[in-house]
Every structure is written in C-alpha cells, then in structure tokens.
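Trainee: Sequence:
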Amino acid sequence: MNSSLAGALQVAFVVLVLAVVYVPLGDYMARVYRSTRDLLPERVIYSLARVDARREQTWVGYVLAVLAFSLISFLFLYLLQRLQGVLPWSDGKAGVNPATAFNTAISFVTNTNWQSYSPEVVMSNLSQMLGLAVQNFVSAAVGMAVAVALIRGLVNRRGDGLIGNFWVDLTRTCVRILLPLSVIVAIVLLTQGVVQSWHSGFGFTTMSGDPSRSMVGPFASQEAIKELGTNGGGTLSANSAHPFENPTPFSNVVEILAILIIPICLTRTYGTLVRDRRQGLTLLGVMAAIWGVMLAIVWSFESHTNGLAAQAAGAMMEGKEQRFGIPGSALFAVSTTGTSTGAVNAAHDSLSAGGGGAVIWNMLLGEVAPGGVGTGLYGILMMAVVTVFVGGLLVGRSPEFLGKKIGQNEITMAALYVLVMPALVLVGVGVSVAMGSTLDAQGNSGDPGTPGSIHGFSEVIYAYASAANNNGSAFGGLTVTSDWFQTSLGMAMLLGRFLPIVFVLALAGLLSRQRPRGVVSTGSTSGGSSTSEEGSTGEVVSTSSTSGGSSTGGGVVSTSSTSGGGSTSEVGSTSGQGSTSSAGEEVSTSSTSGSGGVVAVLERQEAVRAEANLPTHGVLFGVLLLGTILLVAGLTFFPAMALGPIAEALL
1413 MNSSLAGALQ VAFVVLVLAV VYVPLGDYMA RVYRSTRDLL PERVIYSLAR
1463 VDARREQTWV GYVLAVLAFS LISFLFLYLL QRLQGVLPWS DGKAGVNPAT
1513 AFNTAISFVT NTNWQSYSPE VVMSNLSQML GLAVQNFVSA AVGMAVAVAL
1563 IRGLVNRRGD GLIGNFWVDL TRTCVRILLP LSVIVAIVLL TQGVVQSWHS
1613 GFGFTTMSGD PSRSMVGPFA SQEAIKELGT NGGGTLSANS AHPFENPTPF
1663 SNVVEILAIL IIPICLTRTY GTLVRDRRQG LTLLGVMAAI WGVMLAIVWS
1713 FESHTNGLAA QAAGAMMEGK EQRFGIPGSA LFAVSTTGTS TGAVNAAHDS
1763 LSAGGGGAVI WNMLLGEVAP GGVGTGLYGI LMMAVVTVFV GGLLVGRSPE
1813 FLGKKIGQNE ITMAALYVLV MPALVLVGVG VSVAMGSTLD AQGNSGDPGT
1863 PGSIHGFSEV IYAYASAANN NGSAFGGLTV TSDWFQTSLG MAMLLGRFLP
1913 IVFVLALAGL LSRQRPRGVV STGSTSGGSS TSEEGSTGEV VSTSSTSGGS
1963 STGGGVVSTS STSGGGSTSE VGSTSGQGST SSAGEEVSTS STSGSGGVVA
2013 VLERQEAVRA EANLPTHGVL FGVLLLGTIL LVAGLTFFPA MALGPIAEAL
2063 L
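Take the sequence shown: its letters are residues 1413 to 2063, numbered as in this note's numbering.
Honestly, I wouldn't trust all of these hints.
Said to hold, decoys possible - Label-pair restraints from in silico Cβ distances:
| hint | residue 1 | residue 2 | range |
| --- | --- | --- | --- |
| 1 | Thr1512 | Ala1480 | 38 to 48 Å |
| 2 | Gly2039 | Ile1596 | 50 to 60 Å |
| 3 | Leu1487 | Leu1460 | 38 to 48 Å |
| 4 | Leu1499 | Thr1617 | 52 to 62 Å |
| 5 | Pro1453 | Thr1617 | 21 to 31 Å |
| 6 | Gln1734 | Ile1596 | 39 to 49 Å |
| 7 | Gly1808 | Leu2047 | 53 to 63 Å |
| 8 | Leu1476 | Gly1808 | 38 to 48 Å |
| 9 | Leu2042 | Leu1487 | 33 to 43 Å |
| 10 | Thr1717 | Phe2050 | 35 to 45 Å |
| 11 | Gly1842 | Ser1626 | 17 to 27 Å |
| 12 | Leu2063 | Arg1446 | 50 to 60 Å |
| 13 | Leu2063 | Thr1512 | 53 to 63 Å |
Calculated directly from the structure, the hints in this document are not laboratory data.
C-beta atoms are modelled at their ideal positions from N, C-alpha and C, and glycine is treated no differently.
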C-alpha cells in the first residue's frame, strides 16, 4: 500500500469516527450542561468548596470566578515547581528556576502548554501528575465553561443577565466529560504499547557500551488528557513523536481523534442548546472547510521533494517519523495547529517553507478549525457576531443573532475580542526582531534577505502566534530560554487567554440582559385600562382583564380577556383593520380565557423578524462567516507572512 492511499484511509477513518460520535456525544454534553441533577462526587465537591450549585452568576461574577480560580491554579503550580526538589518522588530533580517556573505555570493554566525545557530532565513525576496533568483537565474545562456561558447568554429570554454558575460548569465538565473520555482513550493507548508506569526511569547500556538512563512514567493517562483537552504539553521532549507516547500508526490516529472529538461535537451541543441544530451544522461546515483546505495544502507541500536529501528519500522526511510518514505527520500538524493543542508528532521547524507557513497561518486564523475545547466554539461564535453585524448593514436591517440585537455595545465586545490576538502577535514579533539578542536565539540567521534570516523571522512569528493563540507548539530552531522570551511569551499567553474570555463573557452578559422583542406585562383593572412594559426595542405587550382594554403605541401587542371559556386569537389592529405584526406595528389579540394568545403573537412577531433579517444558518451565512475569518486574518497578517513564510517559499 502506497503512502497516499494509507493517508487517505487515515483521513477517511478519522472523519467516519467523528461522524459516528457527533450526535450522541454532542447531545450528551448538552444534557450535562442543562441537567438540574448533581452527581454524588459533584455534591461532595460543592460541599467542600462551599458552592451553591443553584445560584447563577452575572457575567461579572462569572469572570471573577474564572480569574480567581486561574490565579490560585497559577500560584499552586508555580510553588510546586519551585519546591520540587524537597518534595517526594522528585527523582533527584532540583526545583525549577523562577523564570521557567513562571512561564510554565502560565503556560499550563492558560491551556497553552508551551514548554521551554526538556520535561524528562526538568520535571519530576510528581510535578507532572499533581501539577501539569491537573491543569490539563481544569484549564480545558474553563474553556468549555466559557463557551457554554456564551450560549446561555444567547438563549436567555428572561432578561435577568444570568449566564450560569462557573463552579458547576467547571466541575461537571471535568467529572462527566473529560474524565470518562480520558479513561477510554488511555485504555486504547495502553493496548498500543504506550507506557504507563509508576517508576521514574530505568538504566541501560548503549551499543557503544556506555551507561545511560531512560525516563518512564504514567504516559498513557497524561497523553489522553493532553490530547482530549487540546493541551499538548508532553511528558517527553519529543512529544507525540516519541514511541513511549505514540508508538504505532493506529495510536497516532487515536490521538488525532482525541484532539478533534470534543471541539467538533461541541457544534452539535451548541445547536442542541439553542434549539436549532442547523446553527451547529453551519459552524461545523466552516470548520471542516478550513481544516480540509489546510490539510490539502500541508500534505501537498510536504509531498514534493526540495533538495538532494529529500529527492534521495523520495519525500520531505526530515524531522518526521517513518512510522507515520507524510500523511500521518500532515494530518497531525493541521489538527494540532487548528485546535490550540500544540502536540506534535514531527518537527515543525523541518517542514517545507510552504508547509511551515501553512501551519502558522492555521494558528493566525484564530484557531477556529475546529479550535480548542470551548475556545474554538466561542471563537467562531464571536466571528459569527461580527459577520451578522456586517451582514445586517448590507441588507439594511438591525443585525440580530438568534433573536438578540447586535448593537454598539455587543459589536464592541466582539471587535475587542478580534483585536487581542493580532496585537499580541505583531507587537511581540516587532519588539523581538528589533532586539539584537534575538539573532543569537535563532537557529537560522544570516544576512537580510537570505533564506536563513527569513526562516529565523518565521521562527519568531511562530513563537508569538503559538503563545497568543494558546497553542504551545514551536519551531524548535528558536531558543526561548532568555528572560525576554520567557517573560514576553508568558505575557502573550496570559493576555491571549484571559482578555478574550473577559470580552466573551461581557458579550454573554449583554445578550442575557436582552428580553425578547415583545415583553409580556399583565394588569387587572375594572375600567378597561391596561398596564404595559416596554421591551428592549420599544415594543409592548399588555394584557387586561376587561373586555375593552387596549393599548396603542409603536409596536404594540395588546390582549383583552373576559371570563368566558375557550380562547381564540385574532391578529389585527385595535380599530378592526387588518394588519400584521412587525417592528413598529400594532397587534391586538382578543382572548376569552386570558392572555394565552400573547404567546402566539410573540412567536409570530419573532417569525416575521427572522424572515426580515439575515439567517445565521445555511450555505450563505457559512460562506459569509468563512470570508470574514479569512479577510480578518488576511488583512492583519499578510504583511508579516509576506516577510517570512511566503518569501521563504518563493526563494
């Protein structure tokens, strides 16, 4: 079997498995977040943490909970690394130096998992399991919780500004989703020979007769959550290219599935929670289109032979594992850079100029294809809000997204979200290349305009693109152990994680405070008068217990009722002239049993408005969303890409 056919079969297998689990897993996650029942382990956690599981939070409370939890996690992980040398099971490893401990703590708390060190040399098994592996669970759960909070903001019709409880979302995500899936993936990896040991290492003698030592540890369990949580930080410096972590082509496919499964299925969860699965399918289509095109580009570039070594090998095999080949390496590279995972099964610095540029571009698109667990979903939803705003302007209507108006405040939050990552990347790259010390850190350098200097510039772009997008992979030719890179990349990871979360939750809060376009208010008088409450757009729904009560005004729905039996509803104006319900029009509903007809009128109003606005599902909106994503990245990063990967590919 040739490599192309083997690669095609791998891609087909991945797509088939994702299609099979898409509905059951997506709906299961929706049930997890809608459930009103707490499991026994969850109740124990709430009791110990003194959490009221039935108390919802506003966006401010949610943000403060996220930041407080992340700060505590950072301090714990930092101290664990610094005290590593005096803690049990240290295997003779000293405490981690302050700069590296600071960078690593930020890296794992932000779900970036950037590693500027060799894990088997620096980290003890205790630090790996108690510190890094725990963060692999909870940092992933934070991203999923934020995504669900945004969805609640979209579907909230109460207008109370509540978006759920962070502590409940965090606990349920870990207990009901990440932990069970991790056990399944770890068992599958064990069957393929992935190491799972409580020992810290073993000694052996090399072929030259020299003594040496190899590290072992609980790799299978940590590999599972590393991929499922789109974390990426490995227990070995070779990451998923090491046979202890990824020994066979089948284990390679399993790890790719673990990377993609939750971000993909979350689109189904989204569609289920908003009660319109077409919405989720549209997002899935955009994600699949980007992922498929990027896979074709990387696969194509890596399949061509450039240079004598590649021609002799028959392919661009430098930096790649023979057991995975070009297809398995390309599939892994595109999946990991498109999902903020950062795990690698090949040296990305050894990719061809075009292939390396493609994986950089994959991150600079915002990692929404399909993105990290939770972060990919709320990232593409923020781009959808921008698309709706632009589309609303094109059709001359007030932009709405799932019945919620996108006004000045809402689009401001979306715009700020979009601007964070480009600002961090471009400022970080600009300052770094202006510093003379950066040349000493580059594995590739030379006179300006030479291939070496251009690739060195690409290495710097990759580093800040990876940090600001919380990816964690790198072009290995850049040495980032200096104080400048440790600090600047750490700040890029920190701001690239939490500033977008703040803007996402702020938008969720704004949306959750919006009431439906018609708001029901009831009144009981004896003289035919009625009370009314103005909705978010000035439309009023009033109900009266007398037979003559009505109210008029811009966009009015009035209901009059008597004490009689069966109810009917009639849409028309209070003067008897026929009219339909739309923004700024008057609708009167007569009901002999009360205000039951109000619901039908409100539903009709929403249907009329939906027809007048740009639909947020289907091929048309999918194309607009895809174009917005590509246009934003293209306008922002094309100059930097032209100076780096594009110029390198053209030489």
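Trainee: Decide, hint by hint, whether the structure agrees.
Mentor: Against the structure, the hints:
no. : hint                             : verdict
1   : Thr1512 with Ala1480: 38 to 48 Å : violated, 25 Å
2   : Gly2039 with Ile1596: 50 to 60 Å : violated, 38 Å
3   : Leu1487 with Leu1460: 38 to 48 Å : violated, 19 Å
4   : Leu1499 with Thr1617: 52 to 62 Å : violated, 31 Å
5   : Pro1453 with Thr1617: 21 to 31 Å : violated, 47 Å
6   : Gln1734 with Ile1596: 39 to 49 Å : violated, 29 Å
7   : Gly1808 with Leu2047: 53 to 63 Å : violated, 25 Å
8   : Leu1476 with Gly1808: 38 to 48 Å : holds, 40 Å
9   : Leu2042 with Leu1487: 33 to 43 Å : holds, 40 Å
10  : Thr1717 with Phe2050: 35 to 45 Å : violated, 28 Å
11  : Gly1842 with Ser1626: 17 to 27 Å : violated, 42 Å
12  : Leu2063 with Arg1446: 50 to 60 Å : holds, 55 Å
13  : Leu2063 with Thr1512: 53 to 63 Å : violated, 36 Å
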